[in-house]
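A.B. asks: Residue-level listing of the chains:
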Amino acid sequence: MGEFEPTIVAFVCNWCTYTAADLAGTSRLSYPKNVRLIRVMCTGMVDSQYVIKALLQGADGVLVSGCHPGDCHYINGNFKARRRIKLLKEILPRFGFEEERLRLTWIGASDGIRFAEIMRELVEQVRALGPVRSPLALAV
Amino acid sequence: MTDTYRLDLQEGGLPAGIRGFLQNLLAAEAVRAVLVPQHLPMKRLVMPTLVTRPEGMDGVDPLAPCFPMNAARIASRLARKPMGARWAAVLRPCEIRAWVELVKLKQARTDEVVLVSIDCLGAFQNKDYIRRAGENPAATTQDFVSKALAEEKVEPDLAPACRACEFPVPPHSDIHIGFLGCGGALMAEARSPAGREAVESLNLARCETPASRQAALDALVARRVGRRDEMFAATQAAIGSLDKAAAYFADCINCYNCRVACPVCYCKECVFVTDVFNHEPAQYLQWAGRSGVLKMPTDTLFYHLTRLAHMSTACVGCGQCSNACPNDIPVMEVFRTVARHTQQAFGYEAGRDLEEAPPLSVFKESEFPEVVGISRRQAAG
Chain X
0 MGEFEPTIVA FVCNWCTYTA ADLAGTSRLS YPKNVRLIRV MCTGMVDSQY VIKALLQGAD
60 GVLVSGCHPG DCHYINGNFK ARRRIKLLKE ILPRFGFEEE RLRLTWIGAS DGIRFAEIMR
120 ELVEQVRALG PVRSPLALAV
Chain G
0 MTDTYRLDLQ EGGLPAGIRG FLQNLLAAEA VRAVLVPQHL PMKRLVMPTL VTRPEGMDGV
60 DPLAPCFPMN AARIASRLAR KPMGARWAAV LRPCEIRAWV ELVKLKQART DEVVLVSIDC
120 LGAFQNKDYI RRAGENPAAT TQDFVSKALA EEKVEPDLAP ACRACEFPVP PHSDIHIGFL
180 GCGGALMAEA RSPAGREAVE SLNLARCETP ASRQAALDAL VARRVGRRDE MFAATQAAIG
240 SLDKAAAYFA DCINCYNCRV ACPVCYCKEC VFVTDVFNHE PAQYLQWAGR SGVLKMPTDT
300 LFYHLTRLAH MSTACVGCGQ CSNACPNDIP VMEVFRTVAR HTQQAFGYEA GRDLEEAPPL
360 SVFKESEFPE VVGISRRQAA G
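Residue numbers (numbering that gives the first Met the number 0), protein chains in the order written: chain X, 0 to 139; chain G, 0 to 380.
Quick caveat, the hints were computed from the structure, so don't treat them as lab data. Treat the hints with caution; some may be incorrect.
As the list claims (entries may be wrong) - Reference excerpt, derived from the structure (chain X facing chain G, CB under 10 Å, subset only):
id : residue
1  : M44
2  : K79
3  : R83
As the list claims (entries may be wrong) - Under the rule of at most 30 Å between Cα atoms (straight-line distance), these lysine-lysine pairs were calculated in the DSS-like manner:
id : chain 1 : residue 1 : chain 2 : residue 2
4  : G       : K126      : X       : K79
5  : G       : K267      : G       : K152
6  : X       : K79       : G       : K42
Every residue, glycine too, gets a C-beta built ideally from N, C-alpha and C.
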């Protein structure tokens, strides 16, 4: 067995972080293949259950990433997301998920370089945490 | 702000005194109807009834240690639109706190309702009540009340939620009926203009709140807070890893009784009964293939974690989820333990105040900087 390769599910908003990911790609920046991007229209639509489902079914880390405060395409979706992440960071640690497995970042559309940096850093952090030993990854 | 009135203690003691007060509210036309739990001939449990005539209250047994459902849901059903008259709802403190949450979630209107609360001694689990009360519920109530007032060992027999409840008196109601620490007397406290208006129509004598009352309440709350904190520690130890949490909820069969019994789970259609969770048969086969065995039903722990995310900020700890579980999973303990953290995180307390916005319904431009970013050592606050 080689080194543990974490799986990270990233919910990225269409208008900022997904665009940044796109820019990272067209700029030929490299970042680890461990990150699975899921494009959503806004971080404000990322229901808590998406995050919980990901962690219970095999993700070792979850990233929610959207526009900087004030830049939300829908005016305040990212503020709502921030409250929801706060909520989840209170719930998940009670069941043994390290708080660092769930991350929220703001990455603007022109931040392709920063996007790649954050993905690299995040993968190393989650690698250090080790896998989520979810009995449910095997038996839902 | 509050005004206290003495209530007549008739033959039959506290239950009869409270019943008399409610009957007088109807007789004096202070309200047109009263929602109050009572014994009905064909029922074993004390069930909510909507009463419009004083003589319809013969079975009212307000101190019965019986709590078959959180009647905040019933009250919200009666208050979802104007009823056309003023009415009173006699509710337990946890029911009133759930009502407050439902009002904030736009599930009920407050304008016609006079909320009547009574010092709450707690209740047994449903199964225990049916077993104990058997043929003579009135005697069971009498025995329960006298033991509870004498501080004999009644509390350990109470439902776990009641044992750990720090609200014998709710933070909000229009009229509160008290007897704890009153030396055998019974009194009604008008806590709002609507409550005062209703009580004033009865021409009751005013009285002072006995000095001993606050000390008695404080002692009761301190005992319960002690048990609550023990429960928090024990529960956290029992769910602190995914393996433990999975074991804790291992007997869950996805009946969703806990959600149906929950007074603050108000969605008309819960996501867990939608097609989202009606997975493709081929999907189950794929899941089973991962380890060779797939536990059915699936999505049990997922369901409880999601429900915590959806409603724990509104959890009032009434314990009906545990009461409703067919497999005796201590659901309430988990929800209260987690809810304490989620409510504290937002400086919120479910059921405390009608003016306090539910945490997930509002936001500020600048808040919670500690949850943003990926630095390993997160800035505190």
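A.B. asks: All the hints need checking, so say for each whether the structure fits it.
C.D. replies: Here's how the hints hold up against the structure:
no.	hint	verdict
1	M44	14 Å, violated
2	K79	6 Å, holds
3	R83	7 Å, holds
4	K126(G) - K79(X)	42 Å, violated
5	K267(G) - K152(G)	41 Å, violated
6	K79(X) - K42(G)	46 Å, violated
Comparing the model with each earlier hint shows violations of hints 1, 4, 5 and 6; every other hint is respected.
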